[in-house]
Every structure is written in C-alpha cells, then in structure tokens.
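There are 4 protein chains.
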Amino acid sequence: MDNFYGPGRNHLFVPGPVNIPDQVIRAMSRNNEDYRSPAIPALTKELLEDVKKIFKTTTGTPFLFPTTGTGAWESALTNTLSPGDRTVSFLIGQFSLLWIDQQQRLKFNVDVVESEWGRGADLDILESKLASDSAHTIKAICIVHNETATGVTNNLAKVRQLLDAYSHPALLLVDGVSSICALDFRMDEWGVDVAITGSQKALSLPTGIGFVVASPKAIEASKTAKSLRVFFDWGDYLKFYKLGTYWPYTPSIQLLYGLRAALDLIFEEGLENIFARHNRLGTATRLAVEAWGLKNCTQKEEWFSDTVTAVVVPPNIDGAEIVRRGWKRYNLSLGLGLNKVAGKVFRIGHLGNMNELQLLGCLAGVEMILKDVGYPVKLGSGVAAASAYLQNNIPLIPSRI
Amino acid sequence: MDNFYGPGRNHLFVPGPVNIPDQVIRAMSRNNEDYRSPAIPALTKELLEDVKKIFKTTTGTPFLFPTTGTGAWESALTNTLSPGDRTVSFLIGQFSLLWIDQQQRLKFNVDVVESEWGRGADLDILESKLASDSAHTIKAICIVHNETATGVTNNLAKVRQLLDAYSHPALLLVDGVSSICALDFRMDEWGVDVAITGSQKALSLPTGIGFVVASPKAIEASKTAKSLRVFFDWGDYLKFYKLGTYWPYTPSIQLLYGLRAALDLIFEEGLENIFARHNRLGTATRLAVEAWGLKNCTQKEEWFSDTVTAVVVPPNIDGAEIVRRGWKRYNLSLGLGLNKVAGKVFRIGHLGNMNELQLLGCLAGVEMILKDVGYPVKLGSGVAAASAYLQNNIPLIPSRI
Amino acid sequence: MDNFYGPGRNHLFVPGPVNIPDQVIRAMSRNNEDYRSPAIPALTKELLEDVKKIFKTTTGTPFLFPTTGTGAWESALTNTLSPGDRTVSFLIGQFSLLWIDQQQRLKFNVDVVESEWGRGADLDILESKLASDSAHTIKAICIVHNETATGVTNNLAKVRQLLDAYSHPALLLVDGVSSICALDFRMDEWGVDVAITGSQKALSLPTGIGFVVASPKAIEASKTAKSLRVFFDWGDYLKFYKLGTYWPYTPSIQLLYGLRAALDLIFEEGLENIFARHNRLGTATRLAVEAWGLKNCTQKEEWFSDTVTAVVVPPNIDGAEIVRRGWKRYNLSLGLGLNKVAGKVFRIGHLGNMNELQLLGCLAGVEMILKDVGYPVKLGSGVAAASAYLQNNIPLIPSRI
Amino acid sequence: MDNFYGPGRNHLFVPGPVNIPDQVIRAMSRNNEDYRSPAIPALTKELLEDVKKIFKTTTGTPFLFPTTGTGAWESALTNTLSPGDRTVSFLIGQFSLLWIDQQQRLKFNVDVVESEWGRGADLDILESKLASDSAHTIKAICIVHNETATGVTNNLAKVRQLLDAYSHPALLLVDGVSSICALDFRMDEWGVDVAITGSQKALSLPTGIGFVVASPKAIEASKTAKSLRVFFDWGDYLKFYKLGTYWPYTPSIQLLYGLRAALDLIFEEGLENIFARHNRLGTATRLAVEAWGLKNCTQKEEWFSDTVTAVVVPPNIDGAEIVRRGWKRYNLSLGLGLNKVAGKVFRIGHLGNMNELQLLGCLAGVEMILKDVGYPVKLGSGVAAASAYLQNNIPLIPSRI
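Chains as they are written, first to last, in the UniProt record's numbering: chain A, 1 to 401; chain B, 1 to 401; chain C, 1 to 401; chain D, 1 to 401.
Since the hints were derived computationally from the structure, they do not count as laboratory data. Please note: incorrect hints may appear among the correct ones.
For identical chains, the list gives no copy identity; a pair is met inside one copy or between any two copies.
As the list claims (entries may be wrong) - Computed cross-link-like contacts, DSBU-like style, restricted to lysine-lysine with a CA-CA straight-line distance of at most 30 Å:
no.: 1; residue 1: LYS223; residue 2: LYS239
no.: 2; residue 1: LYS217; residue 2: LYS107
no.: 3; residue 1: LYS45; residue 2: LYS340
no.: 4; residue 1: LYS340; residue 2: LYS242
Since we're looking at a predicted model, the values are computed, not measured.
Bound conformation, chain A alone (with noise of 0.2 Å):
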C-alpha cells in the first residue's frame, strides 16, 4: 500500500519542507470553499495582518502568493526592477546562486559578491561598491539571511548599517526563506524592502504559499518598474485588497487554514521563545558535530546557522551515501550536499516543528550512519555532548507548568 513504507516514523531532518505540526494537518484536511463567500475574505484579512508580525513590520504589505519560493523571489525582482538594473547579488552557496541565475534570466545586471561556500556575505565589497556608486547606479542589494545549502546566516542589520552609512537609495531584498519564523528577522528595524519566505520552512506547512511581503518604498517602486509580470504582480493583489475580495485568482482554501493554524501555534509559543528553541538546536547539533570530529561547513561563528547545520564529512567518505544509508536503513531523511559541496557535506536540518528529543534521535541516527560507512566515531558521543547543553538549558513547556 506504500511503495517506501518502513515502520514508525520518517524522521525528517532535511531544511525543508519541513516537519508539519498536527494541529495544520488537521486544519487543512477540509474540502473546497468558495473564495469569494464573505468567510475567505474576513479568514484572508486576518493572515495579513499576523503576517506581518511574523516579519516584524507594521508598514509592510504582504502578499500570499500560491507558488513557491523560487516564485516568491521572481515576484520579489519583477515588481521592484527594471530590465537592466543594476543589483548587487552574495553568492554563498546553491540557493543564493540560483537566485542570481534567476536575476540574469530576467535580465539584470548582477555584480555578483562571491564568498567561499562555507563564508558569509562579503560586506567588505558590499561596502566598497556603495563608496564608489555616489551615483546610485545600484538600485538593489539582494542577499539570502540564511543561505541553506552550507548553513551561513548573513548578518542584515549590517547591510542596512552600509547602506544607511552611505545614504544610498538601493532596495534592499532579503531571501529570508529558511531564517523568517526561526531567525530574529526585523523587516522594518533594518529596513529590508521586500522579503520572502516559503510556507514550507521554519512555518511548518506544506509548500505552496510564497510570502512576499514589500515596504512602502518597494510598493512605490513597483509603480514604475518595467519588467513584465501577471502571476506575480503586487498591483492585481492591492487592487483586490481594495475591494476587500483579496484574490485576484483562486488561493489554497487548505493553506489558508493552515496558515492560520500554524500562526495560531507560533503566537501560542512566542516568536522569541521560537528563536530560543531554533538556537538550542542549532547549538545542540554542532556541539554533536564537534564530538563527532567533524567540521561545520560554516567557517566561523559569527556565521552560524541556527536552521541547517551542514556538516563536512571526511575525503574519503561520499556525504551523498550517508543521506542515502539514513533513508535506507533509519528512515532518516538528511539533506543532500548540492552544487560546489555535493558529496562533502551532508545537512542537518533543525528547523520549523521541532523540539530537542526529536534532534537527539536524528544526532543518534546519524552517529550510526557514521560508522556504516567506515567512520570512526564514538557512539553516544554527539548525544552526549548535545544533551549536556539541552539538560541545562530547555525550558519547561509553559503550557505544563
């Protein structure tokens, strides 16, 4: 009845999509709903609004587009951009890269900001190029806050101290796919423009929402931006904010409820309690990473990513089998190494619905898989260091106390 099936549980550790709290899968096994009915709109209203805290913004508009990530950053570009701008774009790994690929098909002008995979965003360059653009030929600066194929979290309130430093005008575009809702992420203290995310992420739903959401100066920007869009344009959705209809086609009635499950749950447990949570996990893996004798991909602390911990595994060991064994004889689901690091590291993903005692079972899988495949690692060790700072540091569930 299950082509795959294995017993128990599929541990899912890859950085997305993520693990779906049972409260959402239960809110979403529904039937269709007319959206256009009065009850959609008032539901749709609501999402808005708690959106927009997920994001830390009052000013910002957010728009729930039925897409994915991928789609939520073309419409991102497309709304704000011209043909031919000129933007400064951090490649730091497959997704920052993909997203410049996606920049040069829609035919802008990318000064592309290479770093090692494995490091942050140069901000030095990022700084030299806004000294020598006094004439503002840089109309936006786009950088993912986490970069999910090595697990490097750029610092934001930097670039915006640059640009701020500099008084220059660029927009700036911040990727917050697998930081938003597991990462301090403050749209309007650092004076990000547009920022997106994916349901499927540290929000904990299945895919299919891209969140965009666009401050008042991207919004302004998008009045007289060129470049050609109709799925993805902002100006169809204000017109039937307007109206108070809010669809301009048919949205998900399943992820609308979701979402509002899974906003209900992040409001129940506090988003810097979420924050807390996601930073004893990130902490707990690489402290097990550690034990273990192995590297994190990311070079150095101040880099650090509380939702995905890429790990680099020995030459003489193929990461790719190590995801494969998990799956294979676990049902452990671990993130592959893409791109440039493909093969040597493999990742950890510690984000969305979780909580300590399911990354200890994933961090005792993974020492098994270790030695599978001929690594000599001491088992219990990467549990026994990660519990020695989870003893000490989680809190109790409020809710239970």
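Starting from the known structure of chain A, arrange chains B, C and D on it as the hints suggest.
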C-alpha cells in the same frame, strides 16, 4: 469555533474550487517528506505518465507547476512566444478576458475577437484571419475550451480543422481549466500545442497545481521563445526530468499524493463515464432552468457547457442576491455573475466529484431562493424536470452491481 | 482503490450511524496520547460537565463508556437492578424488542407491554399496572424515547406524570439513542433515572461512546443492585472520578477530542435550534411522504418522530429493494425495515448533522427509486411539498447574517 | 488553541495507547457509513480472516467487540465459564491483578497464584495444582502473556506443556493485550482457548476494538456457560456471522477501515520482522538501563519483555516525578509505576509502530530527566549502549533497498 458555521454540509456549486473526494482529502492529510528521496521522483514519474492520459496525449510533455490556472496561462505563453508576437484570442467572457489581459501585459500583439457574452468563439472571424495571413504572422491561437463565466464550450475540433485547412502553423494554446477531466478533451487529435488546467477544477483537488502540457511543437518553440521566465520555465523542468529528480524547486508533497488518489478515482470511474456523468449533470441543470422559465446565458445548444450553467435572472432580480441568499440561508454556494454579466446571471457549477442527488439538492435550493427573491417559480418544477431525465439515464454504479 | 466506489458523496440517510461534521472528523484525526497525563483528565472533566447539558440535567452523573448503545443499555440495567427484579417494558419495534430481550437474558422479570408496530407505548396499560402495584414490585420502567425502527416518539412527560400520580418509586430508564440531541429530552424535569444514548446518533460522532447518565436515585440504587458487572460498573468510574483521573481503563483519545468538537458545534448552534431543525426535517419528510401518496408507519401525529420516518411501501413493492436500489444506483443509503416490518417499510433517517438541502437531495432520490421499482410517483411531488414548507420555515444561518 | 501545547512531536512511550501510523490515521479520517450496506460486511469478512493470522490460528473464531481490553477479558470469561467455576489465575502485576478482581466480581472461584512483582507466573504451583486436580475442578487457567505493569513475559508454551502433561481439560484463557502483534503469539500451537487483545496496543490503532479469539473448544464451552452476558455474548455475533451481516449492533466504521490499514502495514512488514523489531527495541532499552546503572524490574532474563521495560529507580527518587518531568519539559510520555511499584519504577513502552531512532530520542530524554531529578547518570551512556547494539542489528528497510 468556526466563524461562519452552519449545520450540515456546505453545498458547493461554484465552478471551482470544486468538491474534493474524501479519498483525496485523506491522501493529502500527511506530513511533509524529503522531495529528493527516491519516493517522490518515483511518484512523480507515474503521475506525469498518467496526467497525459487525461489530456488524451501520448506525445505531450506535462509540467505540474506549483501555481494556479493564471500561472499556467503565463507558462503556456512565455515558453512559446516572444514579446511582440501576434496572437488571436477570443473574448467571450471574464476568463478569456483575463487571459487576453495577461497576453497584452506580457507584450504580445493580440487580435481580440470578441463575441457577445453567452456566445462561443467566432470561428468565422478566425477563418478570415487565417485566410488573410499567408505570411503566417499569427503565432498562436489562444482559446478557452470552456468559458467558466458564461458556461460556453467552444468547438476545438473546428479550430483545428481551420488551421489545417489553411495549413497555418500557428500554435494552438488552450485553456482547459473548466473542461479537462469533465468534458472530452483530445489534445493529440485536435493538435493542441499547449493545454492547461488547474487542480481545483474537474480534477477535484485543492488549488495549487497548474497543469501545463506541451506538444513537441510547443517544446520546440520554447527553445527560441524570448519571453522572460524563470519560475514558469519549461527548460528547468526538462533538465530535472532528464536527471530523474523531476523538481527544480520544492513541490507540494500533499498535492502529489492527492493527485495520485484523484487519478486513481478518475481511472476507476473511467474518463468516458466521467464525461457522460457531466453530460447528465449539465442536461439535468438545463432542464431545470427551462422548467423554471429562466434562460441559459448560453445562447445556442452547440455551446452548452456540461460543467457550468449561467442562469439569466429576470431584470428585476439581482443575481448577486441569489448567491448571497444561498450562502446565508441554505448553506449553498453558487457562482456570481462576473463583470459584464454581474448581477444578470448566477452560476451553477456542476463539475468534478459530484453526483446526481447532490445536484438535485442544489436545484431544490435554487428553487427556494428564487421564491425568496420574488421570482414566481413553481417549487419542485426544476427538480421534477431534472429527475425525469435522470431517472431514465443514471447507470448503476459499476462497483455495486 | 475503493471496493464500492461511486462518484460524489454518499448520501447517508440511515438513522445511524449518521453524518459526522467535518470539524469533528478533523478533531479526531490524531495520534494516541497518554491518557494518564494531565491533558486527558482536564478534557474529560469538561466533557462530563457539558454532556449533562445535552441531557438537560444538573444532578445526573454521566458515564462515557467505550461501547455502543447495546452496552449502554446493559450498564443502565445492571447497575440499578438485581436478577429477578420486575420491570415494565414497552415493545413497539425492533429496538425496544432487543432491549427487552436483553432484560430477559439478564434475568429480570419483564412485564412486556406490546403495541402494534407504528404505535407508541401503551401508557394506559402502564397506568393500570402502576395502579395495581401498591406493593411496588415494579422496580423499573424501561422505555425508548424514540423507536428507531418505526419512527415513533413516546411521551416521557406522561410517563413521569403517571409515576408521580401513583407515587410509584420505580426507576425510569430511558433509551434516548435516537432522540437525545435531536429531540427535546429533559432528564431532570421528567425525573428520568437513567438515560442513555450512543455517539453515532444525533451527536454525530463515530460509534464508540455509550453515554449513560444516572440520577442520584439511580446512583443510590447502584449501591445495592446485585447484577454482576465489571466493565459496565459505575462504581469503578466513580472511584476514578474521585481520584480526578476519570478512567478505569483506556478511553479512545480520538473520540474524546471528537466529542469536544461535537459539543462545541452543538452549543454554537444551540440545543433548541437543533430541535427546531430536526422538526423541520421531520415535517418536510412527512409532507413528502404524503405527497407521494404513501403512508407513514407511525399511526398518529402524537408519535411522529423528527429523527426517523418509516415509510410504508405498497404491498407489491419490497422495501428492501428500495434500499438496495438507492445504494446501487444513487449512492443513497436508506434504512431497511426490520423484523416485523421488514420489506414493508423503508426508513429515512433525518437526524444529526444534516441540513435541508441534503434532505431534499435524498427525497429527490427516493422519488426516482420509487419510479424505478414501479410505484407511480409524480417526480418532484415530494420535493415540492417539502420545499413549500421549508421555504417558509428555514431561518437564516445566524453566523452569516 | 491547545491547552497543553508544546512544540514538536509528543514522544509517546507509554505501553498503550501507542503511536498510530499516519496511514492508519488517514484511513480512519472519514464519515460514517451504513453498516448494513454490502460494503461493511465485505470488509468485515476479510478482517476476520486476517485477524486470525496475527493470532496464529486457523481454527479460532475472532470477535471484534466495540470495547476495551477490560471488556475483552469479560467476554472471554463470561462466554466460557459459569459462576462458581474454579479458575487458576496468576497475580504478577497490576493488570493480572485487575483481571483477577474481575474474575472474582463475576463470581468465579479464583485460585490466585501470586508472584513477586517483577517475576513471571509461578508455573511450579500451576503444576502442583494440576497434579492434584484429577477431578478436573479447575475449569480455566487465566494468564497474561505479558504483564504490562512490570514488563514480564510469561512462558505460554510451558503452560500448554503442563496442561498436556496432566491431560488436564482446563480452558487456557490468555490476555495478550501487550503482546499480540509484538511478541510471538501462537494460539493454535499453544492450545490457547481464548486470546484477547486491544486495538490500542501493538496493533497501533485507537482504543475501541477488543479482540477476542475463541478456539473450537471455547466456542463449545460457550454453549453451556451460565454467566450472564448480552453485549459481550459470542452467540449474537455467531448468529450474524451466519447471516453474513456480521454485526449484532453498530460497529465503528472508522476503526474497521483503520484495522484494514493496520493489518495491511503489518503484513507488509511481516509478523516475524515485527517480532524481531520489538526484540531490537527491547534489547536496546535493556542495554541502556544497564548502562545507566539502573535495574530492570523484571528479575530474570527469561521474563524480559520486548514491549515494555519497567525501570527501577533508586530509593531517593520518585518514579512519578520522572514521568511528570518528561511530560512537562521534554514532551515525552513515559509510563507510571502502578500500585505496588508506584513511585518505584517508571516504564518505557516500546511496542507498536515505532522505530529505533524514535527509541533513541526517548532514551536520550530519559537520561536528561534522570539528571534533572538528581540521579548521577552519564549523559549519552544509555544511547551509546543501545546504539552499539542497534548499529549491528538494524536491517535495511526492505522497500528501500
């Protein structure tokens, strides 16, 4: 607990999103999975093969975009055409109008062939355009198979005949959103180059998959088409098809399993039986409308739609009030009249996972609403006319004989 | 994939198990939980309080047995009576017959008061028995509030009057299986000592909870009742109630959460509104039966049931064939005639989570079936009669006004 | 929205109710159906055949009572015995104690053979009783296969040997609640006359089906057994089995479909593979307990249970506090010590739908809890010991090789 709760089932008779079979809702009630594991490619491979069957194509290449019908339109256009290309497009209702709007915003040069709303595409004009286009400046014919706003089905076989008669190489792009899987659609036989539909229509799924199927000629055209596209680009998909991993970005795991369940049900019932069922539902609805003394928005039998019926209301009655009342009093969801026919019609969607007794419940409801709003309907008259036909024509359920 | 698949919804009109609201199905779609954690007792405590409301009792003690109505009967009897005890029991249809059979097998001394099937309990005979029982040898009166097999509702207020008139201390044990939560049931006002129902009836849940509510007098009786019981013993429950853990053995976690959702919906609609809705459904059904020229099995208006209607078929027609045909051709599930009225009636259950348009779809289906089997019904006649009444009487849905 | 919400999964390690596979949850997420239609009997017929396989019987007759294990006990006893009948029953923990209590309340004459909690049934005493019972006054031997309170598995083959050695005709009644479908249970080979289990244990369903399987000899005994029973009576079921309608009263439609899905998964994995998996889980748990320096409540290896491990805590530690802390801090549900061993042990249930990484997550959690409550455990020690064993013994998942 539910902001708009009413006892009993919601009677969903909008022409999309439509009723989802319980089997499909169940199949979708699941956690996320790693889409790079062997399970999802294996599932996808089978789905792509099976999707071809419902388009009646053996040579087409299907793409399952995480998008809506609007996105599927955009994918069809941008992959096959270049800005400035001349298209012939038929404006016969709100959805063909929206598609034309999209074509214009994407900078194609659109010959709009308008018909009165309630009439089909004017193929005489098409013929004259083809006849006078020996230079083959027309690059594509864009046509809806079924106009959802007016309940008009166009004759696609005839379009193909005309193209053949004039040996015209224009691409034939078809919006099959409210037809495919409900009306007989023959991609290969009719020489359709791109056919699209959406998951929330006759396939009876939630919104979220935009199906785009491309003929070999369309695939060929995509290699030179200059319209910018990334998210909607076929090339990225084709690259991943070759790799056997299928997905350039994250699909909805839930929709893939849902599609599997939906296709299983479709094949179990049989496509031809499904068409026959929709014909029964459409015929029964039209008989009821006639019995009520009301007019079908569709002006001629040749255009009658078996998936949606737009009912013209008398001048003193507001079609929107009928829809509102259905929702407020009877838990019945009917379709609004849109744009030019706003207030002048209301629509009964009778497509997707629906049987005759569901329709009769709806018709009984419409009768009461008509009475509510002051139209002197004879209660039971429409149901009687529909029943008389249905009682002669409903087959036994094969699995229960 | 489904052995008896038919397109569209199954139209479920048996008088139990009845249609479950989607909200309840969703609430039940969950993993098991530890029933000894604080969560389940907290949930149970609230449920017990709320169950009292639907029985209209403030002094009763509810028990939620993991069983069916048959088990609830047994719990009512064995906790209050001793073998050899005299009961008066009314045989008016298949379910009262089965209860009497149970009473006899449990070795009670049953005075069976039989009525023709289609008539209510003979309260004149009850009166004469009470009048002649100054020795109070009658220990309990056992009566169904609503006989599901014939669609007959007994007058419980009258039973109480008689007991009071003769100051008779007999316990009043009531089977409210097809009444409670659909018909007005007043445990305290009517001095009912044990009332029972099953989750799969008007509460609109799956089968699996046998509700037993005991008056203080019944609880008192349980202390001396000598019938053997363990699983069905109230004493074990009362012990765990005191401990605050509530469950002497493992309950169904899913049904507890389902019951929570069901009660939320019931309270949102309002009990009196639910009774009114059932009265509309019952009245509409009876009007349809009359319009078809058929007879209600229930012989007098005073016994008309608002939860189930048994329709007498003409002598040349087999009621079972009507039910079979409904299932085979129309995906309509009707109730069979049972025992004495097997073949002579078919039953329409109109209880639980159902609205008027669902019923009208059913009635339209019954008309076609009647025609199928050779009965000269005028198609649309029953629907017309029902609609005429309903269109005057359906209120607006409060949450949508 | 959830009174006791905590992020991530609940880690459910009580010895019932246990984790339900998602496939089963999905299969149960459905509306009610008419249980008298052809669909439910067809489904039931197959289920009854397949249930026999998991009891390893070809001659037994299964009954699927809508009840719990307590009800199944009652059904086993009342159908085979008469009040006053002598039984031999082994008291080795809380559940055998409760069964004995039931036997006594049902007025059987019970020879209680008590062992220290943590030891198995004293079969020497059984032998002496059989030896001295040439008059065959012992009518039944009642024994738990696995005592859930202490984690002790009895040797049923040995019981059969003794009965055979003395040619004693006593019925052999077995509580297989926490064994069947997890431990090897051989009804026919061991000459078990009635075996029972509950759906919420190793079958990994919700609570609600009490499985009772009767040997031909037990069926024969039921014809003369004088214990009163109606709800639990086999005779009513047998009557309906003959009719082919199977159900004397309404079953849970959802549980029947759930059981179908559960059995499909069981047969896909293979019974012997399931037993091996439970042995791995049990062995790993015992190795962890040893590594922690703690004692297994089970005193000898011959009685070790592969479904539940009761861990003895040091005198200064309260086992209940361990359970409370698991729930409050780690979202981990462990089993309490019951009755005589309350506070002295906590229990880890490792039965049903569970895999090794789930268990390792639990063990890591237990380690942190032990530290929390002041026990000087070496973090990671139990996980290391368990992993070392598991890494050598876990097979590849057959469907993924």
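**Message:** At most 30 Å between alpha carbons: which applies to LYS223 and LYS239, within, between, both or neither?
**Reply:** within (13 Å within a copy, 35 Å between copies)
**Message:** Cα distance capped at 30 Å. Does LYS340 pair with LYS242 within a copy, between copies, both, or neither?
**Reply:** between (46 Å within a copy, 20 Å between copies)
**Message:** If the cut is 30 Å between Cα atoms, do LYS45 and LYS340 qualify within a copy, between copies, both or neither?
**Reply:** Answer is between; shortest inter-copy Cα gap is 27 Å, intra-copy 43 Å.
**Prompt:** Within a copy, between copies, both or neither: where do LYS217 and LYS107 come within 30 Å Cα-Cα?
**Reply:** Both ways: LYS217 and LYS107 sit 22 Å apart in one copy and 26 Å across, limit 30 Å.
Going through the hint list in order, the structure satisfies each hint without exception.
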